[in-house]
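Chemist: With the hints as a guide, dock the two chains, each given alone in a separate frame, to form the complex.
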Amino acid sequence: MKNIFLNMGYFLKETITVMRLNLLSNILSIFSTGLILFILAMTISGWRISAKAAEAIEGEAEISVYFDKGMDNQGALKLVESIKRIEGVRDSRLIGESEAYDRMVKILGKDAQVLKVFDDNPFSPFIEVKINLNAMDHVLEELDHMTGIQYIRDNRDVLDRLGNITHLFRILGYLMGAAVGIATLVILSHMIRLGMQNNREQINTLRLLGAPGIFIAFPFLLQGLLLTLGGGALAAALAAFALKQLYARMAGPLPFIPLPPGGALISGMVIVILSVSAVLGIVGSLLGLLSARNH
Amino acid sequence: MIEFRGVTKKYPNGTVALKNINLKVMKGEFAFIIGSSGSGKSTLIKLILKEEDATEGEIHVNGYSVSTMGRKQVPYLRRSLGVVFQDFRLLPNKTVYENVAFGMQITEALPREIRRQVPMVLGLVGLSKKANVYPSQLSGGEQQRVALARALINKPALLVADEPTGNLDPETSWEIMKLLTEINHRGTTVLVATHEKTIVDAMKKRVIALDRGVMVRDEQKGIYEDESKDGQVHY
Ligand SMILES: Nc1ncnc2c1ncn2[C@@H]1O[C@H](COP(=O)(O)OP(=O)(O)OP(=O)(O)O)[C@@H](O)[C@H]1O
Ligand SMILES: [Mg+2]
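Top to bottom, those sequences are chains A and B.
Taking the working numbering, the leading residue of the first sequence gets 1, the next gets one more, and so forth.
Taking the working numbering, the leading residue of the second sequence gets 1001, the next gets one more, and so forth.
Don't read these hints as lab results, they were simulated from the structure.
One or more of the hints may lead you astray.
[As the list claims (entries may be wrong)] Which stretches of chain B does chain A cover? Using the computed rule of at least three CB atoms under 8 Å from a CB of chain A, they are:
| hint | stretch |
| --- | --- |
| 1 | 1087-1097 |
| 2 | 1103-1110 |
| 3 | 1159-1173 |
[What the hints assert, rightly or not] Below are the DSS-like pairs computed for lysine-lysine, each with C-alpha atoms no more than 27 Å apart in a straight line:
| hint | chain 1 | residue 1 | chain 2 | residue 2 |
| --- | --- | --- | --- | --- |
| 4 | B | Lys1072 | B | Lys1155 |
| 5 | B | Lys1046 | B | Lys1024 |
| 6 | B | Lys1155 | B | Lys1129 |
| 7 | B | Lys1204 | B | Lys1221 |
| 8 | A | Lys13 | B | Lys1010 |
| 9 | A | Lys244 | A | Lys110 |
| 10 | B | Lys1221 | A | Lys13 |
| 11 | B | Lys1072 | B | Lys1010 |
| 12 | A | Lys13 | B | Lys1024 |
No residue lacks a Cβ here, since even glycine has one placed at the ideal position from N, Cα and C.
Pulled out of the complex, with its shape left as it was, chain B reads as follows (with noise of 0.2 Å):
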């Protein structure tokens, strides 16, 4: 699903994002991306989604040859991923609805899928109330929740979120969490950039650490914390 091969990331004022990266996420995985902040964590994400380029290694994610594919190709990449980021990026001049189905409009579904796709979807996240009204009269718990529907609607193999609850309290947190792993179990492969100690801590799910850009950890059912080689704590 997700594969990285001995990929290093230099962004063009020298800053080493990623240091010889080499990582595999298997269909249906759910795994977390921990790190402090500028561990590399969003240049991970960011390389998924070809938002910036690999200096160097491979990169294969949902079949698409990330680091050798034209740039005709990255929107089909793109489309058959699910994103969610931390600021929501919603479009405030859409609402709710809009907002969800411009997801499918991208792509050449037909208006009659569109309309039939929408509402299930805003059902699932637990919006369909919700359909008319505009981002900015949601709260932040609710504008996540419509951008994992917009991510969702186009039934994406895999799902990657940049700190989906970064803005978002404990509580609503947790709701969005809840969501992911739901989404998982229907089949999505989810992989989620997070510092937040206590939702990883209490997921038990697989945990890949970054530390200034280097891979130190990768652990099935893993934590935050890493105290077994040097008692350092690494957030």
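Looking at chain A on its own, in the form it has when it is part of the complex (with noise of 0.2 Å):
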């Protein structure tokens, strides 16, 4: 063990000499490798940002009442103040027809001139009550006894459709984690067989002075190490690019969108990606020896 860092710049050098013997398909198998793991780092991202928007969301979980049209602005703060005191209730709020109106027009941003083609406000008042999402049950049920109420609207159906959102990127994020792994491994235990195979002769050579299995190996298991890294590398800078652009698309047309913070999201990426590379590097290398050992 000792001799691998006392001849680490013997096998840098090895290592070069053999990439440069295949210099194309190394390329190639960089550009390869690091399109693979820019679709891994685009999953891994989106699953992120979903998760993220779903624990926004979640966090707060609201419920809308709406109440008899009957009922004037007295009743109505009444009803608020009772609704307060329901436990799980953060608070409820009196949201009237014209708050209701421009919040609609900021969401709906450019295409508010829909609204203008009624003639009244279309929007009724209503409460808005803001409860921690496990209470969410038992405020229905109580909102159920209360006197006065017409209509609940609950959110749970968006927070479902974020769940399912969520769930389908993590499936999709596990099934791109095994087909990233299982390409960049063929791929890469290609490439290193490959490269013993043209250095066959030599490698008897090595083999016949009396170079023991792990120098004659190490050099493989670097080119291997610095494929995926290299490939890992682009994905990253891809991936962060994207991500960039994404961000700045999704600011403007849609702020209601809960982001993860966009530099903890890509250097978490980053991270990520490198180690995956690294591992496969290392794990890919390890099959192409054997597997041109076999031979």
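Modeler: As structure tokens, then:
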């Protein structure tokens, strides 16, 4: 083992020689590994973004309570107060007609013109109730017993859908992870085997001179590591760029989608991709070495 | 130093390359293995290096029990020997210096040790000036001298060579033989497989003759031909 560090210079030189002998396929495999890892990076980021969105919305679980048309402001405020007293309710607030209208204008952005087709304000006033998500059932039950309530809209639908999206991304993440792993390992072990076959005669000479297996194999291991780390760096750079673009696009028209902080998302992704590529590099090289050995 | 006891080598395709070989080479000896093409010379060398395994019998080399040793031990056996091949087998992407240094790098040698030892051995084979040249830029004789330097770098007690002059002209062959003799005089045991009659005859060293896998002669200060028995020439 000591010998590996003593001879690091030798190993690096050897690795570069091996890679130079087959420069084009080495470059191509860096690119293809990079593309595959890029897809993985985007999937992982999508997973994290949707998980974050779901988490944010879960934290802000809220219910809209529509009261009877006939109820006056006084009655409505009373209702607000009694709702506040229900366990699990964090806040409850009366949203007037005009505020409801303004909110919709904000959400629709440019498309808010459609609201102009209405002569009257089509929105009714309602009570916005912020609750703890796990208290949802209890709160709904309590509200059922109250009088003057016409209709309750909860955002369980949205939550369910977000949950589904997160779930989808997670499964996609696992599938992509498996696909990326297999594809990278196949490419890599093939490259390593190719390199060893091209150097068969030399390797045989090294063996006959008494070079230990690790001494012969190490440059190829290093090659595998360089190939995947190169691919990983490429993927990380591409994904970082793509995420920055995405953030720039999303921040404008979709302000209500809660995104995880961009910097943390990107640096997390870079770490994951580089670690994945390092592991794949080592495993792939070992597979390549093993398969070359049996020839 | 080298001992073969009842060694037979049968290749997987059925060829019997060596038959019941009994042989002892002592420390400090210089011995030729001779025989016509296909007589089993290279096979014998390969058994010493454990490049091939004996089918039957026992082989001891440099204190290693070659026939019973485990796979992991093989590199140690090989590093304890110097080896020279007919086709030199230098590493084409390395300079002369690096080729020789390589022999030490595979042991646990310190870089300082390597820097000291390599120029010395290159001097011994007369190639100090070619240290930074690549093998392809050297003549055959020079390449074989590099190979010799590489074989000697770890001061092996035993040097085996399979037709070390097979690709060289007579004059260059003699240079290599002189070097081998000198190495032998410094205490290294030398075993050379060859079918070069003139060299064997002139050197008056021990001659071990093979014929179709059978050891037919073992003579101190022998010559290539053996006409004493049947007048037939065996090369
Ligand atoms: N790998 C192998 N598989 C099968 N048979 C082999 C193998 N290597 C050598 N042989 C056979 O074994 C016999 C001895 O071969 P070997 O190479 O030892 O002869 P040699 O004396 O070195 O010949 P040369 O002078 O031509 O180098 C030959 O009949 C050869 O065909
Ligand atoms: Mg031969």
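Chemist: So, for every hint listed, does it hold in this structure?
Modeler: Verification of the supplied hints:
Counting residues of the stretch 1087-1097 of chain B whose CB lies closer than 8 Å to any CB of chain A gives 4, which reaches the minimum of 3, so the coverage claim holds. Check result for the stretch 1103-1110 of chain B against chain A: holds, 5 residues qualifying (beta carbon to beta carbon below 8 Å, three or more required). With 0 residues carrying a beta carbon less than 8 Å from a beta carbon of chain A, the stretch 1159-1173 of chain B misses the three-residue requirement, and the given coverage is violated. Note on Lys1072 of chain B and Lys1155 of chain B: the hinted pairing holds, with a Cα-Cα distance of about 22 Å set against a maximum of 27 Å.
A threshold of 27 Å between alpha carbons decides the hint, and for Lys1046 of chain B with Lys1024 of chain B the separation of about 16 Å falls inside it, so the pair holds. Pair hint Lys1155 of chain B plus Lys1129 of chain B holds up; C-alpha atoms about 22 Å apart against a cutoff of 27 Å. Our distance criterion of 27 Å between C-alpha atoms is met by Lys1204 of chain B and Lys1221 of chain B, whose separation comes to about 4 Å. For the proposed pair Lys13 of chain A and Lys1010 of chain B, the alpha carbon gap of about 41 Å is over 27 Å, so the pair is violated.
As the CA atoms of Lys244 of chain A and Lys110 of chain A are separated by approximately 24 Å, the hinted pair is consistent with the 27 Å bound. Annotation: proposed proximity of Lys1221 of chain B to Lys13 of chain A is violated, straight-line Cα distance about 48 Å (limit 27 Å). A C-alpha spacing of about 24 Å is found between Lys1072 of chain B and Lys1010 of chain B, which places the hinted pair at or below 27 Å, so the restraint holds. A hinted pair counts as satisfied when its Cα atoms are at most 27 Å apart, and Lys13 of chain A with Lys1024 of chain B does not qualify at roughly 43 Å.
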